[in-house]
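Numbering (our numbering), first residue to last: 1 to 365.
What the hints contain is simulated information worked out from the structure, not anything from laboratory work. Model, not experiment: these values are computed from the prediction. Check before you lean on any hint, since a few could be wrong.
Computed list of lysine-lysine pairs in DSS-like fashion (alpha-carbon distance at most 25 Å, straight line) [said to hold, decoys possible]:
(1) Lys301 with Lys263
(2) Lys306 with Lys252
(3) Lys306 with Lys338
(4) Lys306 with Lys256
(5) Lys332 with Lys306
(6) Lys301 with Lys81
(7) Lys252 with Lys263
(8) Lys301 with Lys256
(9) Lys252 with Lys301
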Amino acid sequence: MTVIPDVKDGPEFSKLEATLVDHNIEARPISRDGQHQWRHADGNEAEVNELDYDYDVDTTRYPFSAIDSLQDMFSGIIYRKHICNTANFHFETSLECFSVESSGAEWLSLNQSSLSILLRDASERCVNVPAISSMQQSHPIGSTRRALVFFVPLTNTTSDASFRCSIPMTEQSVEEMFSSLQLNPAFLQNLLGRPDYWAPQPRWHEEHGSLLDCDFFCQHPRWNLQAQGAPLSVYMRYDVQRDLIVYIISHKPQDKVILSLLKQLETLSRHSAQHHISNILLDSPLDLHATISNLNFETSKWHVEKFRRFQWSIVNEVDDHLAGIEQRDRQKIAVWLKNIQVMAQSVESHLANAHVFLYTARGVH
1 MTVIPDVKDG PEFSKLEATL VDHNIEARPI SRDGQHQWRH ADGNEAEVNE LDYDYDVDTT
61 RYPFSAIDSL QDMFSGIIYR KHICNTANFH FETSLECFSV ESSGAEWLSL NQSSLSILLR
121 DASERCVNVP AISSMQQSHP IGSTRRALVF FVPLTNTTSD ASFRCSIPMT EQSVEEMFSS
181 LQLNPAFLQN LLGRPDYWAP QPRWHEEHGS LLDCDFFCQH PRWNLQAQGA PLSVYMRYDV
241 QRDLIVYIIS HKPQDKVILS LLKQLETLSR HSAQHHISNI LLDSPLDLHA TISNLNFETS
301 KWHVEKFRRF QWSIVNEVDD HLAGIEQRDR QKIAVWLKNI QVMAQSVESH LANAHVFLYT
361 ARGVH
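From just these sequences and the hints, can you work out the full model?
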């Protein structure tokens with residue numbers, strides 16, 4: 001028999017509360033299962049190691065031989081993982097490079113041998129250009145500056161590749177390019193077609209307040225939500241001591257931004273005033289980044305306008321239905337619900353693209 005506590009001896013209890021005082025209430029099985037830390041795990045997910053990489057690396061090889069920060073250590077470990085995957089590369093090298101010097105601009109078609117010669121010449125450049133001071137001051141363009149713009153198309157391939165894309169370069173050519181030009185190893189994943197949803201990444205080295213070199217890479221938004229394909233990734237490095245600007249552009253075949261850029265560069269290479277054109281192209285290391293961002297923003301207008309027409313067509317149909325203008329039809333309502341879901345997902349995608357574009361613009365600025 002349950003004894004109800006005396007009101008005078010303590011707080012008042014109802015009959016139900018009194019039973020709670022004396023009886024231990026066991027949790028139901030569903031409640032116990034809901035508190036289990038692995039209740040949503042499937043199979044061996046509790047044992048998954050998300051950072052399962054080979055940390056036993058050869059520190060005499062690039063990029064560990066030139067490491068200067070702890071962040072570069074992890075980037076180098078990931079670099080070694082993907083560089084060892086032969087499915088990411090082709091059996092021969094075939095690249096197009098836009099080369100700009102004070103004498104003019106020209107297109108270079110490179111294989112493994114000619115690329116190796118070009119990279120060796122670039123790495124051995126020593127034009128004795130003074131480091132750029134971080135203070136605001138004018139820096140005239142010298143006749144020694146050179147720019148190399150490499151276009152690396154991505155081709156869809158088997159699932160054995162890191163990101164199901166391969167590039168028309170051998171593993172040896174990629175290693176030689178990164179090591180000879182001291183490129184940021186973190187860019188290799190973007191070069192191979194990784195969809196990168198992080199912010200743009202800048203890096204620079206200074207000595208006594210003067211800039212020695214800097215690099216900046218980003219991935220531009222894919223505004224076409226119906227046919228995205230491989231992403232567009234752009235890497236830039238400016239080496240002050242070599243007075244050398246290097247761009248590496250990884251893109252899908254027939255990328256509209258790249259097609260437009262190629263046509264513009266082709267026109268400039270045929271311009272009669274080659275010395276003037278060279279000064280324009282060599283003026284700012286970030287000029288090409290800004291140009292590509294502008295072209296990418298122009299492509300967004302068509303897709304955003306198309307989505308806006310789709311959005312308002314759905315809203316108008318729903319309004320007509322609620323006003324009784326259109327006949328109530330269960331099948332039509334189901335189509336509307338599906339389109340509304342597509343519309344909501346498209347809104348999120350376009351907002352994410354807008355944020356990426358703003359981050360990139362701020363990074364270039």
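Hint by hint, here is what the structure shows:
no.: 1; hint: Lys301 with Lys263; result: holds, 21 Å
no.: 2; hint: Lys306 with Lys252; result: holds, 23 Å
no.: 3; hint: Lys306 with Lys338; result: holds, 18 Å
no.: 4; hint: Lys306 with Lys256; result: holds, 17 Å
no.: 5; hint: Lys332 with Lys306; result: holds, 22 Å
no.: 6; hint: Lys301 with Lys81; result: violated, 39 Å
no.: 7; hint: Lys252 with Lys263; result: holds, 16 Å
no.: 8; hint: Lys301 with Lys256; result: holds, 13 Å
no.: 9; hint: Lys252 with Lys301; result: holds, 20 Å
The structure is inconsistent with hint 6 alone, although it conforms to all the rest.
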